[in-house]
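K.L.:
Here is how the chains run, residue by residue.
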Amino acid sequence: EAGVVQSPRYKIIEKKQPVAFWCNPISGHNTLYWYRQNLGQGPELLIRYENEEAVDDSQLPKDRFSAERLKGVDSTLKIQPAELGDSAVYLCASSQQGLYTEAFFGQGTRLTVV
Amino acid sequence: AQSVTQLDSHVSVSEGTPVLLRCNYSSSYSPSLFWYVQHPNKGLQLLLKYTSAATLVKGINGFEAEFKKSETSFHLTKPSAHMSDAAEYFCVVSDLTGKLIFGQGTELSVKP
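Taken in order, these protein sequences are the chains called D and H.
Going by the numbering used here, 46 is the number at position 46 of the first sequence; the sequence numbering is gapless.
Going by the numbering used here, 91 is the number at position 91 of the second sequence; the sequence numbering is gapless.
Derived from the structure by calculation, the hints contain no laboratory data.
The beta carbon of each residue, even a glycine, is placed where N, CA and C say it ideally should be.
This list has only true hints and no planted wrong ones.
Computed list of lysine-lysine pairs in BS3-like fashion (alpha-carbon distance at most 27 Å, straight line):
(1) Lys-99/H x Lys-62/D
(2) Lys-49/H x Lys-99/H
(3) Lys-42/H x Lys-111/H
(4) Lys-42/H x Lys-78/D
(5) Lys-78/D x Lys-99/H
(6) Lys-11/D x Lys-42/H
(7) Lys-99/H x Lys-71/D
What the simulated footprint calls covered on chain H by chain D, stretch by stretch (three residues with Cβ under 8 Å from a Cβ of chain D suffice, anywhere in the stretch; the number is not a length):
(8) 42 to 48
(9) 93 to 99
(10) 102 to 108
Here are some chain D residues the structure puts well away from chain H; computed CB gaps all over 12 Å:
(11) Ile-13
(12) Glu-14
(13) Lys-15
(14) Gln-17
(15) Trp-22
(16) Ser-27
(17) Arg-64
(18) Phe-65
(19) Ser-66
(20) Thr-76
(21) Glu-83
(22) Asp-86
(23) Ser-87
(24) Val-113
(25) Val-114
With the rest of the complex left out, here is chain D (with noise of 0.2 Å):
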């Protein structure tokens, strides 16, 4: 069974450029997680859907942040303009809908704003 696959592994862009991480869930998974990951910590939320609906974005930088999940399967999390914060690994991951069912992780994407 294929993962959850995400791209690119990496990406470096100056500051004020936008960009662009996408993410293939596991296939017959529902609910769909943008985590973000600073340097020495633990994953923090971005968004999580479930199919196509966003049901927790509170901790999704609005103003810079977006994130799409066309027909509850891909997703696409842009930021634009990027900011020398943003720095940090972003991870994608899915699980199936329901309590106590555990989340799948992609190898992440690392982005380095210069």
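Assemble chain H onto chain D, guided by the hints.
P.N.:
What follows is chain H alone, placed relative to chain D:
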């Protein structure tokens, strides 16, 4: 609100000795608890999960964790460390909506 505290930011053990990574949680109801491992430049991998069945949970690679409600703890143990166990370990609690809340992580070093 649910939260999780990992009591040690770094643990160092010698190969072949026991491992103990400590985690305390805060929850107003019976929680779902997980331990994930993250090797350098790799994704997060589930080690084990607690879902209100047996309080002693066995995971992959010889790890296990015990849920202790009276102590609000979910410590991760392994009888004998291996060099390949060196990684970052995260204790995670899930709230009622399914949102995962991560601890700050414990870096495990294993000396030869």
